[in-house]
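Enquirer: Here's the letter readout for the chains.
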Amino acid sequence: MTAWFAAAAGLLLGAGLCLVGALRGAAADRLVALELAGVVSTLLLLVLAEAFGRGTYADLAVVLALASFPGGLVFARFLERWSEPDGGGPG
Amino acid sequence: MITQAALLAAGVGAVLIACVGLLVFPRAADRLHLLGVATSLGSVAVGAAVVAREGLSSTSLKAALVAVLLVALGPVLSHATGRAARIEALGDWRPQPGEEVHQQ
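Quick note, the sequences are listed as chains D and U, same order.
Position in the first sequence counted from 1, then plus 109, gives you this note's numbering.
Position in the second sequence counted from 1, then plus 151, gives you this note's numbering.
Rather than coming from a laboratory, the hints here were simulated on the basis of the structure.
Heads up, a few of these hints could be off.
Said to hold, decoys possible - The following residues of chain U were derived to be distant from chain D, with all beta-carbon distances above 12 angstroms:
| hint | residue |
| --- | --- |
| 1 | ALA165 |
| 2 | LEU221 |
| 3 | GLY249 |
Stated by the list, open to error - Quick list of the computed label-pair ranges, beta carbon to beta carbon:
| hint | chain 1 | residue 1 | chain 2 | residue 2 | range |
| --- | --- | --- | --- | --- | --- |
| 4 | U | VAL175 | D | VAL183 | 23 to 31 angstroms |
| 5 | U | ARG245 | D | VAL172 | 34 to 42 angstroms |
| 6 | U | VAL252 | D | LEU175 | 21 to 29 angstroms |
| 7 | D | GLY162 | U | ARG245 | 51 to 59 angstroms |
For clarity, every value in this text was computed on a predicted model and none was experimentally measured.
The beta carbon of each residue, even a glycine, is placed where N, CA and C say it ideally should be.
Sequences are here, hints too, so could you generate the full structure?
Expert: In structure tokens, the structure reads:
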């Protein structure tokens, strides 16, 4: 087992911790856990590409880094509008 | 080899500390600091480990691109999320009456 597979295992453990964090708290608290999970997954894909020796797999990490950003922004914007007094949400 | 392992350990260690902190800090405002740890320290260290192993190649360029993207976009995400968390908690992002505001 190389250092890269060990690093991937560590990042996988971190993704599991993010999942636990995303199950508890208010919506905004969970959103931060989701965003952290996106960062962890991006680095996991990068490390796995290096562990398997397939450079093309690193494309997935680039795509996830680009895609998780607008995803987090959309969730944050939705949360704002949902929480406004006339936003239709519980607040 | 030692450099790669050290950078990798530093990056994964930073990310794991951030993930464990997620269970320690229950509030979004505290958790956002952990997101900063992962996007700044973690991504740069892991990206540097890949660059140290690969030298100059397409894979190392992708790793550098991932690190730059996470470092550049992380604060934007933190700002938007912090604003949303404040609006969710207080109904408005502005300082509320009775709230202590630190003036320059």
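Enquirer: Would you mind marking each hint as holding or not holding in the structure?
Expert: The hints, checked one at a time:
{"no.": "1", "hint": "ALA165", "in the structure": "10 angstroms, violated"}
{"no.": "2", "hint": "LEU221", "in the structure": "6 angstroms, violated"}
{"no.": "3", "hint": "GLY249", "in the structure": "19 angstroms, holds"}
{"no.": "4", "hint": "VAL175/U with VAL183/D: 23 to 31 angstroms", "in the structure": "28 angstroms, holds"}
{"no.": "5", "hint": "ARG245/U with VAL172/D: 34 to 42 angstroms", "in the structure": "37 angstroms, holds"}
{"no.": "6", "hint": "VAL252/U with LEU175/D: 21 to 29 angstroms", "in the structure": "37 angstroms, violated"}
{"no.": "7", "hint": "GLY162/D with ARG245/U: 51 to 59 angstroms", "in the structure": "53 angstroms, holds"}
This entry does not satisfy hints 1, 2 and 6, going by the numbered hints stated previously.
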